[in-house]
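Asker: Those sequence lines, one after another, are chains A and B. Residue 1 is where the first sequence starts when you use this note's numbering, and the numbers rise one by one after that. Residue 1001 is where the second sequence starts when you use this note's numbering, and the numbers rise one by one after that.
I should point out that these hints are in silico values taken from the structure, not numbers from a laboratory. Just so it is clear, CB atoms sit at the ideal spot from N, CA and C, and this is done for glycine as well. Hints may be right or wrong, so weigh each one.
[Stated by the list, open to error] Simulated DEER-style distance windows between Cβ atoms:
| no. | chain 1 | residue 1 | chain 2 | residue 2 | range |
| --- | --- | --- | --- | --- | --- |
| 1 | A | P412 | B | A1020 | 39 to 49 Å |
| 2 | B | R1077 | A | R368 | 29 to 39 Å |
| 3 | B | R1077 | A | G343 | 20 to 30 Å |
| 4 | B | S1052 | A | T210 | 31 to 41 Å |
| 5 | A | E290 | B | S1052 | 28 to 38 Å |
| 6 | B | R1016 | A | A235 | 23 to 33 Å |
| 7 | A | R153 | B | R1077 | 45 to 55 Å |
| 8 | A | H467 | B | R1016 | 18 to 28 Å |
Residues per chain are reported as follows:
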Amino acid sequence: MIDVEPMIESSFARLLPEPATVPNWDDVVRRAGVGRPGFRRRALSAAVVVAAVVAAIASPLGGAIGGPIGDFSTWLRGDPGKPASEAAQRVAEKTWSEFPQGATLRELVTTSDDGVDYTLFGFRLHESLCLRVQATGAATGSSVSCAPLRELRTRVQPVLVLEVDQSFGTLPDAHQQVGPDSFTLPRASVSFGIVADGVKSVELRSDDATHDALVASNSFLAVVSRPPAGNRVRAVAAKLVDGSAAAIPFAEAPFDTNGGSASHGTLHGPSGVDRRLTGGTIAWLAHHEERGDAFPATKTPMLRDSQLVFGRVVHPDPQMPVGVGLSLTTISKPDPNGFLKAGTYICQSLVDGSALGSGCSPADEFFRRSPVNFGLMTRGGGDQYSYLFGTASDDVTHLRLYLGTGEVFDIPLTDNAFVTQISRAKYPFRLVGLDANGLIVANDVMQSENGPSGPAYHPKQGAQWQHVATAGGVALWSVPSAADGVCWKLRYPGGAGAGGCTPPTWNGALRNDVVPLGYQPNAPERVLLVETKPAVTRVEIRYTSGATESVEPTDGFVLHAVPQARVVAGDLVEALTAYDRSGAELGTLKIPQPRR
Amino acid sequence: VRSRGASIAELEGLYRRDLARFIRAATAIVGDEALATDAVQEAFVSAVKSRSSFRREVPLEGWVWRIVTNAALQARRARAIDTELGEDSVAAPNGHPVEDLAVRRWVAGLPERQRLAVYLRYFADLDYRAIAAALEVEIGTVSATLAAAHAALRRSMQEVER
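Just chain A, same shape as in the assembly (with noise of 0.2 Å):
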């Protein structure tokens, strides 16, 4: 018989060689809409003229106005920093898309570092505050990150962080090895805020060190170069000038098993709900009525091989640079991977001229779980800004939302939409919608976004990540987390992954991490994970044909091959019982069964 295999890899490998690609990461995720947002000149219409007018009669002398130590005067009545030079503020008006017509550009900070020049420049974007950080020399990007002016003024801390650990050029050549991955290093990583009168200075522990940012113009600006792989900044600190100190809460940037995203606050507002609705409509989307603006549909791709029957992009917060872009859409043959049926679908996007991030359900589904049909789209990295926007039913007449400090606001509601930015450190949240009787007919709430961070969440300070086991092809990979408890990672033959982090402490013997059986009809996992109690000496696998098999765990973990033979047969994990040394039994696991 030929072996084929080595026959058809080589015959590929010659017909198909590996590409040169140069990754292009800041493409995606400016494209997603999770990097930095495309606004588009084209949104700053009337509401441009408003926030002009605002701003000329709040700065009547456009210089800095100081005021008590903490508060940010200088920023909500004068214009901190100095006046961009006239160059910069042509490329800011003809290439940056966030950037409104007539607005003034203010420079603010600027710093070199491993050849790279850095500028941090200021603006106002409607009822926004602005910050761009650009980069030239050995390595070019910019980043721009815009917090609600309603941040400042009501802001308890005299730091206002806008951004951290952005990234900027890539060292040639230069990887790092954490735990099975590798990760491509950046030549430098930047944070900045904008900081009150009397700020003194501003620090930042990170991973690696303590950071000092320049503080300057009511702003700071923090550069690392060359960090390592994964660094990020876990803590900010601010001195004043009266002596006095304060912790600045903000949102980590994600990395590997930290999620990024904080719950600093506990959760206010009401519980529940007092009338239950379960449909609802939007009626003049269904009517096609021509509220707001047209709707851009070469340039909002909603579904594959859908029809765009009808779509509007209203704006319900003319103080935001962005709308919410409603369409029906309709699919005449269901997809052939049973992703979507045939049918009639609402969609609804964040538009800024085309879609940052959309989503689609059936219509007769759209409101099915809540009235209020709500998305985040995450600017991603350390943005600590997203924007929270949906569309409620014709039910819904208010729309109020309560964060984690317990600040609670009404979020303006227009032709059934509502965009608003929400900062990642004030999680988790709730989002309330009422009739007009005042009725609570929407609940919803928020933990987190992009999963948990905290101490819990990545490694501690110089531990690395060590290979525990392999089995069955599979790897297991451990560290000890910032909070004591541990955080492992999986790898499958061909790369693939699962990962997590686990609290130091936790009830029972045994603790299941993946799910081992199943998901997948009639193809078990061969490979089972469970984390053990120090006690625990032996566990006992037990199948569900009543065979038995004994482990000793490894550092805390039992990584264990189901032998081919009983995964061929069906015969699958049905629990797992933990022994100590004296043979006592500690508790048994049971494993959930795959679905058939």
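Put chain B on the given structure of chain A with help from the hints.
Answerer: Positioned in the frame of chain A, the structure of chain B alone reads:
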């Protein structure tokens, strides 16, 4: 322990590590490296946007491969001509002409699902589990598909040898 949703960092890690594999397999599907590169970029844009819908019941890699495969198929449809590795679409390779001809004939003659499985196995170097996730079929189906494809290639080789 996170059980749903993929993080941007995970997707970035996968992108940076395996971009060449993604593009190579997509090129096989699309028939054009530039279009395939665009399709892979587009696929990752989709993956980032829809990362919250990822369920960890399947490997992340398989989920992303499914998106990449669909994007590549879409790009090929948009291109409107089938320029996969058919006999006329690939320049004659240097060396091993008999084997390569057989492989090219074999690939050209495969049904689409089988062809995708072959591309994912040999261009992307995916294991059966990841291929199953990418194609949304059972692992056994992947195994059977590739076994049938191998048998067809053996027959093709025997014909060449005669």
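Asker: So which hints don't hold here, by number, going up?
Answerer: Failing hints: none at all.
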